[in-house]
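S.K.: Given the coordinates of chain A, work out where chain B should sit on it, guided by the hints.
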Amino acid sequence: MSATHATAKILRTELKVGLEIHIELATRSKMFTRAPNPAHPDFYDCAPNSLVDPVVMALPGSLPVMNLIAVEMSMQVGMALGCEIASFSKWDRKNYFYPDLPKAYQISQYDLPLCINGSVEIPVSAGGSRSIGIIRAHLEEDTGKLSHELPGGVAYAGSLVDLNRAGTPLLEVVTAPDFDCADDVVTFGQELRNICRFLGVTGGIMQRGHMRFEPNVNVLLTLEDGSVVKTPIVEIKNLNSFKAVKGAIEFETKRQVEEWRATGRVMGKGMKITRGWDDLKGQTFVQREKEDAHDYRYFPDPDLVPVVVDDAWRARVRATLPELPMARRARYREQFRLSEVDARVLTDDADFCAFYESCVAATTAKGCFKAITDAGYATGKMLLNAGSKRANERNCMVQELGIDANQVADVLALREDGTVGPQAADLLFGFLCDTKDNAATVAEQQGLVQVRDESALEAWCDQAIAANPQPAADVRAGKVAAIGRLVGAVMKLSAGKAEAQSVNDMLRKRLS
Amino acid sequence: MSERELSIQDVRHIAKLSRLAPDDATVESMRSALSSILGHIAKLSTIDVAGVEPMAHPLALSNRLAADEPGATLPIELVLLNAPAKVDRYLAVPKVLDEGGA
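First to last, the sequence lines map onto chains A and B.
For reference, each letter of the first sequence is one residue, going 1 to 512 in this note's numbering.
For reference, each letter of the second sequence is one residue, going 1 to 102 in this note's numbering.
Incorrect hints may appear among the rest.
Partial pick of chain A residues on the chain B-facing surface, computed with a CB cut under 8 Å [said to hold, decoys possible]:
no.: 1; residue: Ser-62
no.: 2; residue: Met-66
no.: 3; residue: Pro-300
Rather than coming from a laboratory, the hints here were simulated on the basis of the structure.
Cβ atoms here follow ideal geometry from the backbone N, Cα and C, with glycine treated the same way.
Only chain A is shown next, with the shape it has when bound in the complex (with noise of 0.2 Å):
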């Protein structure tokens, strides 16, 4: 008898991910409606049931209205996904009952959706990168939301509803089951979201719920007699952050396989089961499901007309496409010589980029560079190293911390004449974020120009040498490594304020 589920030995287990997107978009209005739309920062945190209107009640007699912008906003996201932007895509019907949904029915897009076929190369934590195909982009509208709890905290034993949600305009992203595993699946999602924030088409803010994640996961095992067991497709719904999504698709691979082992069950027709995500416990779990939760029966929305795009139209568009993410960092590479790892963080967060590509700008315009590459790799560096300390140390952005892009680019100019030491120039920065001050009048006033008086500079030398007779002993027996010790001790004499190389070469003399 050959070996059953519960005994055959799996000799390779591969993951198969596909994924669903939902992306709220910014828009003032709503996707239907010219309600305000509570995903635009204008209208965050507004009171329940303020953002509603007779469409989005769905009152007797009120027709919808597309939104040109959370059209065109679709066709960015489209093209940046290298998708097709289709010619011809209508609105359907699908038809549910549920209490955040006054219509009955969500307007989607069933068959004819706005963007096909695209892909997205993303670098994967096997090495190298691989390309990830979009089966489609579909325009929706969002629901209202239910909660179950008063203001205040107070629990209510009923669902209540707000209704400013719905009808926000909601795109709907499908990739291919092209992940074989979770990280790389949250790479794809942080580049997703990196692209849609640098189109500026949605705040991204995962906590409010602007981008939602659902992953559709099964496993792959090669058994010894060589055959190939598929487990049924598990859909896990709503996943609102990375940590999620990667807990979530761990999780469901190992128990998939303990699941298969247990009951034999695999792939068949009418077996996708969906689950929910507990953060606390780090689990999936069964989800009771709305009964007849399949069957929607779509049908083409009558009370509205297709959308008909042509060339015109799609130029239009793509002439409006920002520098993506990815195009970034190579730039940054190729012409900054910056490396991988720093391009990725300058590009990580559309403000900061903007913020670094005006200090850029201002940088350049100082002219106290030769070359664009040097002023491109000494603002990167600078941002990262001196910006990166003190936005952590006080929890914010880069961009957030105060000094502007002329301040910035001011403390290169003056360290790149010699006016100020590397030192005094990331202390300098400190000191510019609290002030709107020009930044040479702070160098003075802060004592950070470097001091490059002979006399001062001699009696710092020789105070050092005294007082470290052994290393200025080893420097005069040839051992020069020696002599970091007493260019420290002189930099601390001189509170900074001396030039390293002229220290350096100063003491080499004395010593000699």
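M.R.: Only chain B this time, still in chain A's reference frame:
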């Protein structure tokens, strides 16, 4: 489903999806009415439509798009006016089990 008579179970299923609870006599009359509609659709699907553009909308219009300018909202009194139950600024409904969402 287009080629055959609807069963009683089909009608009950459709009624359930629409949150209707028809009595037995209504189910039987609906079964016959819906079957005849489907029969008509079945007849239509015998027509050769090769080369005919599918019609997504009866009006020859496209791209009715509005500028993204926030407009008026309803005051909370009107939003909650017809609600069978309300709590604070919310419409209140019996508890539902899963979380909904798009």
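S.K.: If a hint holds in the structure, say so; if it does not, say that too.
M.R.: Evaluated hints:
1. Ser-62: 11 Å, violated
2. Met-66: Result: holds, 5 Å to nearest chain B Cβ.
3. Pro-300: Holds, because the Cβ-Cβ distance from Pro-300 (chain A) to chain B comes to roughly 6 Å (cut-off 8 Å).
Of the hints listed earlier, the one the structure fails to meet is number 1.
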